[in-house]
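Student: Turn these sequences into a full structure, and let the hints guide you.
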Amino acid sequence: MIGSDIPALIPITFLAFAILIPLLGLWKRQLSYYWAVLGAAIATAFSALGFYNYVTGTETIRYFFGGWEPPIGIEFVYDGLSGFIVLVINAIALFVLIHSRMIGKTQFPGKVTGYYSVTMLLMLGFNGIVLTGDLFNLYVFLEISSLASYALIGIGEKRAPYAAFRYLIIGTVGGSLYLLGVGFLYTITGTLNIIDMTAMLPEVISNSAVITALVLMVTGIGVKAALFPLHGWLPDSYTYASSTSSALIAPIGTKVAAYVLLRVVLYLFGVDIIDTAIPITEIIGVLAGVGILYGSIMAIAQSELKKMLAYSSVSQIGYIIMGISLANPFGFIGAVLHVLNHALMKACLFLVAGNLRLKEGHSDITKFDESYRKKYPWTMLAFTTAALSMVGLPPLAGFFSKWYLALGTIENGSWLLLAVILLSSLLNAVYFFRILEKVYLRNPESDEDKASILSSLRSNEVKPSMLWTTSVIAVGILAVGLLNAFIVSAIVTMFPAGL
Amino acid sequence: MVDFVFGHYAYWFTIILLAIGLYGMLIKDNLVKKTIGLSIFQTGVILFFVSVATKWDATVPVKSDEFPVTEVANYMNPLPHTLMLTAIVVGVATLGVAFALLITIYNRYETLNEQELLEKIQ
Amino acid sequence: MELTFVPLYAVIVSLAAVPFILLSSNKPNLREFWTILAGVVKFLLVLTLVPTALEGRTVELTLFEIAPNLPIELHADPFGVFFAIIASGLWIFTSFYSIGYMRGHKEKKQTRYFASFAVCLSSTIGIAFSGNLLTFLLFYEMLTIATYPLVIHSENEEAIRAGRKYLAYTLTAGLLLIAAVGITYSLTGTLEFRPGGIFGDVDLSNTMAVSLFLLYLGGVGVKAGIMPIHSWLPSAMAAPTPVSALLHAVAVVKSGVFGIIRVVHYVFGPKVMGNFGLNEILIVIAGFTIIVASLLAFAQDNLKRRLAYSTVGHLSYIVLGAALLTPLGLTGSIMHISAHATMKITLFFCAGAIMVNLHKKNISDLNGIAKVMPWTMGAFVIGSMGLAGIPPINGFVSKWFLGAGVLEGGMMLPLIILIISGLLNVGYFFPIIHRAYFKKGGKELEGHTEASPFMVVPIVITATASVIFGMFPDLFFHFFELASNIAETVFNTL
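Chains as they are written, first to last, in this note's numbering: chain A, 234 to 732; chain B, 1079 to 1200; chain C, 20 to 513.
Source of the hints: derived by calculation from the structure; they are not laboratory data.
It cannot be assumed that every hint is accurate.
Dumping the calculated PhoX-like pairs for lysine-lysine here, alpha-carbon to alpha-carbon at most 20 Å [said to hold, decoys possible]:
1. LYS379(C) x LYS390(C)
2. LYS125(C) x LYS671(A)
3. LYS1198(B) x LYS391(A)
4. LYS671(A) x LYS128(C)
5. LYS128(C) x LYS607(A)
Quick partial rundown of chain A residues pointing at chain C, CB under 10 Å, derived from the structure [stated by the list, open to error]:
6. VAL624
7. VAL708
8. LEU711
9. ALA712
10. GLY714
11. PHE719
Don't be surprised by glycine CBs; every beta carbon is placed ideally from N, CA and C.
Tutor: Now the structure itself:
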């Protein structure tokens, strides 16, 4: 019954709410927030049900739209991997949307209806990318999500529209390159269906058009995933966007692009033939490694929390892409696990940044001091949890993805990449402990602050809806760390053929 | 060599369009011109799809008495064209978002020249 | 009695005390009651494991799989029990002493202090009972983080700098350890601690063996204070004295040497160590550390810093003993864990008592204080003479076995090192005693008497314990029997 329709129901939910919200907005504008939360909740429920079915033994669901079988029709494929990613991104989106109420009210009060409608389109795009089994369809969803991101990023500080415009130019070029790559593949194989094409590629792999297609697609997706050196759009976009937009896009946007890369490299082409003509995985791996170090070092240089987190995203996406490039089981586990872990950690950190911006009006690290801990004890506890997890301390979630990635590099004998992983953990420690030290130890400088601390030792936390979402995600980081054996045993069932 | 150049002339147009588009995006200071470059770039990709689907001595896959077709091979593949319809729609939507952003930028900074804009942002 | 869950309870009990400590932050007496209660319960729990350990059996508990095929498991094997007795036993004394010190010194944020302390102890017991390298790693990192608030406790410029240095060293070490553990896992497919090692059936290349060993050494060696990666330890003396006492003489640094012994004898195993000449690397490093640290100790005027360098030196005794790869050497090495713990904690307690009572930090100011603080200085004499290896204090016993181990292995160099460093020990402790007893004190000493009983009683007890265990090493806890059993198991499985 409902189980087999889940692949279609998830995107349709978002599509329906994307249309409903502006219509209902005509009636009562302030309800848009609740509709958006409802939409995300329904989609999350479907995703959870679908993944539960998968874990308890249902086979991969192939949903043919309109009953047309591929290669004529378009299909959505709900296998373990897409089910897992869909669940992760929808659950994160749900929490971020719940968290967004006060930010929406204060930062763009007149635009909530449009804003929430666009968030639904964004999620439609992301879910479509993950679920679709058709390369051109994937392009369309990629552009839907990208267009929605440009719009969401454009709503923000004064500099946001320019950051969004730059993102638009770079992102569209990336999308076009991907499309060009798909065109090459189509001319050679005559199909756009991923499963169909996977079967044909081994015969034509040494064709130069296929090699060109691979390079074009990887470059195009690399732009969307902010793979070094194609990351230029990311830091400004995440920094100047409104807190909700960055909390929504940062944890899941680049992950979805990394997921596409994973599909292309490990499923569409597959480990056996991917490196036939050029050592593409090695190239990606080196770029990812450089990106990890570059992102971490740039993050240390930032004094603005959101910008620091943005550079840290460049670095963290490198982990996922490195895991893909290792093309071995441990690398795969590490990459998929890090999608989840990083989504949780980044969501938590960006929500903390949002809380601070709402309360303090800024998130400038140089102004942090001990009063923040007194004023926002729980927010800061959540921040500490996420930060320690980013550094990779057990038993928090971040440790385990690094552990599997490290095992993956060891298995391949890539000692340099192992060193990169370890070194970047250290760099993470530098930029996070710098903040923690300020928050927990630095005395407020001005006397006024000192007086206010002494007089008002009570906490001045954000609204409950913001607080509990932040906290739940922080607890999630710990829970995922402790329970990662279950998650990994599910990931193991998702291995692509040949791994 | 000559065969190679002339035999692939449709692809040369694609490459020229992509190059013009990139030139516009990278070199031009005016943000509207950058957007135009972007649009040209996308058009290059569209041209590529359309050109690979063309076929001499073939017609549209519609059964018609005016053009009686006996062999299936004499029909053209309609799929790339239809795909490009979608791609054109995506391109139009991109332009729409781009212009919306440009209008906001102009309202805030009163310039669309990138150099001036960067100075004002500082 | 069913003992399976005892190791878990022993780990958790101080962790469970943390919420109570935090909740009663406004009632100091209640707060300290929780600390003491947790300490006593923990110690008793550890003691119930002693009989099984004496029989050479291991209480095993697999908690859950944290990653497929990699369980979090607690193994209370004889060596773990041995370490746990020392750590948990001395925690009780430190808790009493902390109360006296923290209140006497009017320190701020005592709640954070006691809470972090409790977490540290849980981590230390966790390290002691870790059944495999992953569990060890988990508690090892936990200890790193829990110690940080203690190091920076005074929150002044010096403490914060010490804290940064501490984190830089220990976090780097943690990463090296992760790398080492990862490589071990991919080579052997297991991470279990097994007496005699897990590398028995693995074909190791020479480079691989040496680099893997160096990774391990970097990982656990930082906490063990081996040179040249020791320098966080003297800096971390910026922490309050009870922290220095328990953590830098017992918990943190001993976790380091405990880790080294685990790596040498339970991961690599004596045979692999010997085959690749890894023990020679370790002997050279340890020997160098012993001599240089002793020489550096001379140069320190700050009493706590001198003790810190002495700690660095003595830790390497333990490392040296492990590196000898002989049963007697290992016995001596393990005995020195307990001996050094009781003696060094006594010395740190004395330093803290002098600081709180007389506000003196430097050795050059200690003239004549023995008249004012006879008990404290009496204990100090016992502790320092013990470290120099003078009978009948327990330092003599462990050094005796170390020496016997050296002869058993037929090596000359370690023997020379032992003799020279014994003399150096006398050399850097004697001036302190000389000043305290034979020089006339200044006027500022007038009106001062012995420190608060909260401090003096633990000092006297630990000093007495040093003497008692020196004369009867098997009394109460069967330290000697345990140590020789452990050595026997390790070398019998070859």
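Student: If a hint holds in the structure, say so; if it doesn't, say that too.
Tutor: Now for the hints, and whether the structure bears them out:
1. A distance of roughly 15 Å separates the Cα atoms of LYS379(C) and LYS390(C); the hinted pair therefore holds under the 20 Å criterion.
2. Straight-line distance between C-alpha atoms of LYS125(C) and LYS671(A) comes to about 24 Å, which puts the hinted pair past the 20 Å bound.
3. The straight-line distance between the Cα atoms of LYS1198(B) and LYS391(A) is roughly 11 Å, inside the 20 Å bound, and the hint therefore holds.
4. Among the hinted pairs, LYS671(A) with LYS128(C) is consistent with the structure: their alpha-carbon atoms are about 17 Å apart, no more than 20 Å.
5. Between LYS128(C) and LYS607(A) the CA atoms are separated by roughly 13 Å; this keeps the pair inside 20 Å, and the hint holds.
6. A distance limit of 10 Å between C-beta atoms decides the matter here; for VAL624(A) the minimum to chain C is near 7 Å, and the interface restraint holds.
7. Hint on VAL708(A) is violated. Least Cβ distance to chain C is approximately 16 Å, over the 10 Å limit.
8. Evaluation of the LEU711(A) hint against chain C yields a violated restraint, the C-beta minimum of about 13 Å exceeding 10 Å.
9. Contact between ALA712(A) and chain C, as hinted, is not supported at the beta carbon level, the nearest pair being about 13 Å apart and thus beyond 10 Å.
10. Here the hint on GLY714(A) is kept, as its CB sits about 8 Å from the closest CB of chain C, short of 10 Å.
11. Taken as an interface hint, PHE719(A) checks out: its beta carbon lies about 9 Å from the nearest beta carbon of chain C, inside 10 Å.
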